[in-house]
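Chemist: Taken in sequence, the protein lines are chains A and B.
Here this note's numbering is used: the first residue of the first sequence is 1, the next is one more, and so on.
Here this note's numbering is used: the first residue of the second sequence is 293, the next is one more, and so on.
Check the hints yourself; a few may be wrong.
Chain A stretches covered by chain B per the calculated footprint, using a threshold of three residues with CB under 8 Å from any CB of chain B [what the hints assert, rightly or not]:
{"#": "1", "stretch": "133-144"}
{"#": "2", "stretch": "164-174"}
{"#": "3", "stretch": "179-193"}
{"#": "4", "stretch": "229-237"}
{"#": "5", "stretch": "240-254"}
Sample of chain A residues lacking proximity to chain B, with all beta carbon distances greater than 10 Å (derived) [to be verified]:
{"#": "6", "residue": "Ile16"}
{"#": "7", "residue": "Leu32"}
{"#": "8", "residue": "Ser42"}
{"#": "9", "residue": "Met54"}
{"#": "10", "residue": "Val55"}
{"#": "11", "residue": "Leu58"}
{"#": "12", "residue": "Gln62"}
{"#": "13", "residue": "Pro67"}
{"#": "14", "residue": "Gly78"}
{"#": "15", "residue": "Phe104"}
{"#": "16", "residue": "Leu109"}
{"#": "17", "residue": "Phe269"}
{"#": "18", "residue": "Phe273"}
{"#": "19", "residue": "Pro276"}
{"#": "20", "residue": "Trp277"}
{"#": "21", "residue": "Leu287"}
Simulated from the structure, these hints should not be mistaken for lab results.
Being a predicted model, the structure only gives us computed values, none of them experimental.
Ideal Cβ positions, reconstructed from N, Cα and C, are used throughout, including at glycine.
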Amino acid sequence: MSEFELLRNVTIGQYIPTGSVVHRLDPRAKFLAGVILILAISFTRTLLPIAFLMVVILLISQTSRIPAGYVLRGIVLGLPVLALVFILQFIFVGRAEPAGRIYFEWGWLRVTHLSLQTIGVGLIRITCFIFLTSLVTMTSTITELTHGVESLLRPFRRFGVPSHELALINTIALRFVPTFAEEMEKVMKAQASRGADIGRSRLWRPDQAARNYLPLLVPLFLTALRRAEELVLAMEARCYMGGEGRTKFAQFHARPRDYAVVLGAIIVFGVAFFAPWPSVTQIAAALGFPGL
Amino acid sequence: MPPILRLENVTHKYQPENSSPVEALHGVSLAVEPGDYVVILGHNGSGKSTLAKHLNALLLPTTGEVWVKQWNTKNAAHLRNIRSSVGMVFQTPDNQIVATIVEEDVAFGPENLGVPRDEIIRRVDWALERVDMLPFRQRPPHFLSGGQKQRICIAGMIAMKPEVLVLDESTAMLDPLGRREVLDVVRRLNKEEGVTIIAITHFMEEAVEADRVLVMEAGRIALQGTPREVFGQVERLRELQMNVPQVTQLAVALSESVPGFPRDVLTVGELVAAVWGLPSPPTRSSTVPKGAASDSAFSREEQRSGRAEGPVIIDIKDLTHYYMRGTPLEVKAIEGVTLDVRRGEVLGIIGHTGSGKSTVIQHFNGLLRPHAGAVTVFGQDMRAADVNVRDIRRRVGLVFQQPEAQLFEQYVGDDVAYGPRNLKLSREEVRARVQRAMEAVGLGFDEFKDRLTFALSGGQMRRIALAGVLALEPEVLVLDEPTSGLDPLGREQIMRFILALRDQGVTLVIVSHNMEELARYCDRLGVISEGRTVMIGSPAEVFGQPEKLRELGLGVPAVTDVMNQLQHAGGVGEVGAVLTIQHALKILIEAIGASKAPRVER
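Isolated chain A, as found in the complex (with noise of 0.2 Å):
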């Protein structure tokens, strides 16, 4: 039993200590890499070419050595919506776009060519995503990533992009996720100790489930808000007067193998759009099963 066990599950933004290869990358480097990779991903909408990102990014958790079934728990929470978006593809998408060929048809329900492949893709690059999100954050230290990507929007700083307190913001934000997990969990376990049925409401009358939430929300806030002021009295005590005039202790020296990194991933963005990729069906008739 573990039902108040919160982070249990969370498992984008935990920090897996293996000491890799891809661990003592530049954060700037596995950041840029990870943006251009997504960026494949969103944009390439064929098999092949998402089959062989797919293929990529498996080699990457491999080098990692972070288990992919840790990596992969990370879906279980968003599976109730996967679940739906795929539903309503499968039933929506071959209605909609009748094109290509028809495998299936019943009443209005049509099954084609186009809504099995923009299902399948989905389901690739969903799962690409959560991987890619989770290696990077659970190859990084907090601090790692939101000194990388101030030092990247350092350059925007002179058309108003406020670096260093975004930077800031984005550190203290994840720095109390730990703190308001436990919290949580601590509210959670006395008003059970209470007799409160928590998580046990009826999904048809949200207006319970609506007040049984309350016991918990209202103490957090209210931990968060006296929190908060506490933090604004300490940072002000370590003269803290906004980003001019600071000084970085953290900073970061980029090596040849980080270049290579982002030069990788440009490749690998590079073969998934222009490589003359043949089609699934062009593959199955070479193989021998034309009219698939």
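Since chain A is already given, all that's left is putting chain B on it; use the hints.
Modeler: Below, chain B alone, put in the same frame as chain A:
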């Protein structure tokens, strides 16, 4: 040398919502010399935190002046100078840490001051070394203990190279080990680096170290002097809702029966020396065996040890529990804990933060289930999947640390009623239970039920939270550090209400760091260390092994320590562990009286 801090007739008024202005400080004047160690005492609401916040211009005086070195705090141009000269560490370590890695948090202050990077690196190394946290520099703070986190906060302050360090109840949330760690660091900074220390605290023992003690009351300095001068005035301190260290209490009590016995005794060593320094020091031979016999009768009456003979209602055998089970972050929290709770007793549980004691008590009402071993609560095997958890939670009430954090209703009465309403009781029964629970914590039903919950004082909120569990009318009440963070008066009040429950037949389990409280009230004590039960027995049995406790980093009550030392030196006969001031007083008077008596005959 000119004073480093100077307050001249400082008054501070603030305007709470919808009520008349409150004067938190009332004409306070104070001068602190460089290198001083000043402790400020005072009950909650006496104005001591308001005073502290004036020292680095977090608050400005309504009238009067505050000078830090040559800078007036009213002049905003000096703000950076003032705040880098007067460092301040607050109560809750979690709310002061801004970064996700220890060394970056320490660097935050110097970064703000615009210190060059090479110098920041040097200062971070130096500050972490000063607080003994160098090996932890790459850790995320949420994996550290309270004492470690607070030392990081101190490091973050001293990295700015302040001349004064203000500690605003910085030890209130820590366990004794953490408190000792922090105090050692602070003392070293004072002695070796010459940092001026101003410490605000509720713990009288911390004031013993100071050069000067101030006691605040109603926004004024009511009493000041050296620790010896201040603690000698036991009656005056009581009027100010403060108590004195247990050793001093014993000395004062002795001085009433033994003429000429010094009243201004502050430490165990001093008290032992004072006993030996009497014109007729006690000797072992003088203690008549009859005296020892009557002592054990005395201690039995004191401890009501008959309570520990009741039937076992919660039985824990070889309990093991993991956190984050099945993830790469899995940790074994406890392993092989064996413990039982018997009907009608008061069971004390001792252990450091992180020893696993909180994990153990969460098995008492089924919040956690065993991963190995057995837990039986009221005959129910808690390993079974179909346990009626709701019934168990009704019968075993659990009060968490700082339970006021669980309050959520706007009105006091509604909050207390949350539990009984969850039990689906009738309206009349809910009302009756709320009434009984509120009266049991001394907050009258008619007077308090329609008050705004969040307008209560800290001590009252704690009591309302306790009432919220009492309204379930549990047979066993488990309390996790019920007095932590309260001032002496608040501590005493809440303990009084809790013990009244014992007399109504409620079984009590109290987790506490306060050895003196545990020695006084418990029938049995269990000691948990590193996830295992290491000792269990009567307070006399447990506190009778001071060496073993010390090895675990735990202490014994000060009186027990005094009497042990006297026993070892042959001052009194074999009396075992002495747990209360009254008991110690009786033995000492007997021993001193007995050693006098033969002399008179000769």
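Chemist: Hint by hint, say whether it matches the structure.
Modeler: Now for the hints, and whether the structure bears them out:
Coverage of the stretch 133-144 of chain A by chain B holds [criterion: at least 3 residues with CB-CB distance below 8 Å; count 3]. Proximity of the stretch 164-174 of chain A to chain B, defined as three or more residues with a beta carbon under 8 Å from a beta carbon of that chain, is established by the 4 residues found. Coverage of a stretch by a chain is defined here by at least three residues with a beta carbon nearer than 8 Å to that chain's beta carbons; for the stretch 179-193 of chain A and chain B the count is 10, and the condition holds. Counting residues of the stretch 229-237 of chain A whose beta carbon lies closer than 8 Å to any beta carbon of chain B gives 7, which reaches the threshold of three, so the coverage claim holds.
A count of 9 residues in the stretch 240-254 of chain A with a Cβ less than 8 Å from any Cβ of chain B is obtained; the coverage claim is therefore met, three being the minimum. A beta-carbon of chain B is positioned within 10 Å of the beta-carbon of A:Ile16; the least distance is around 5 Å. A:Leu32, annotated as away from the interface, keeps every beta carbon of chain B farther than 10 Å; the closest lies near 21 Å. Distance check on A:Ser42: its Cβ is at least 29 Å (rounded) from any Cβ of chain B, clearing the 10 Å threshold; non-interface status holds.
With a cut of 10 Å on Cβ distances, A:Met54 stays outside the contact zone with chain B, its closest approach being about 23 Å. Every beta carbon of chain B lies more than 10 Å from that of A:Val55, the smallest distance being close to 24 Å; the non-interface claim holds. No Cβ of chain B comes within 10 Å of the Cβ of A:Leu58; the nearest lies about 19 Å off, and the non-interface call holds. A cut-off of 10 Å between C-beta atoms confirms that A:Gln62 is not in contact with chain B; the least separation is 16 Å.
Chain B draws A:Pro67 into its interface by the beta-carbon criterion, the shortest separation being 7 Å against a cut-off of 10 Å. With a least CB separation of 18 Å from chain B, A:Gly78 remains clear of the 10 Å interface cut-off, as annotated. The beta carbon of A:Phe104 is kept farther than 10 Å from every beta carbon of chain B, the shortest such distance being approximately 40 Å. Look at A:Leu109: its CB is around 40 Å from the nearest CB on chain B, clear of 10 Å, so calling it non-interface holds up.
With a closest Cβ-Cβ approach of about 31 Å to chain B, A:Phe269 is found to remain outside the 10 Å limit, as its non-interface label requires. No Cβ of chain B comes within 10 Å of the Cβ of A:Phe273; the nearest lies about 35 Å off, and the non-interface call holds. No Cβ of chain B approaches the Cβ of A:Pro276 within 10 Å, the least distance being about 42 Å, so the stated non-interface status holds. Against the 10 Å criterion, A:Trp277 stays outside the reach of chain B, whose nearest CB is about 37 Å from its own CB.
Separation of A:Leu287 from chain B is adequate, the least Cβ-Cβ distance of about 41 Å exceeding the 10 Å criterion.
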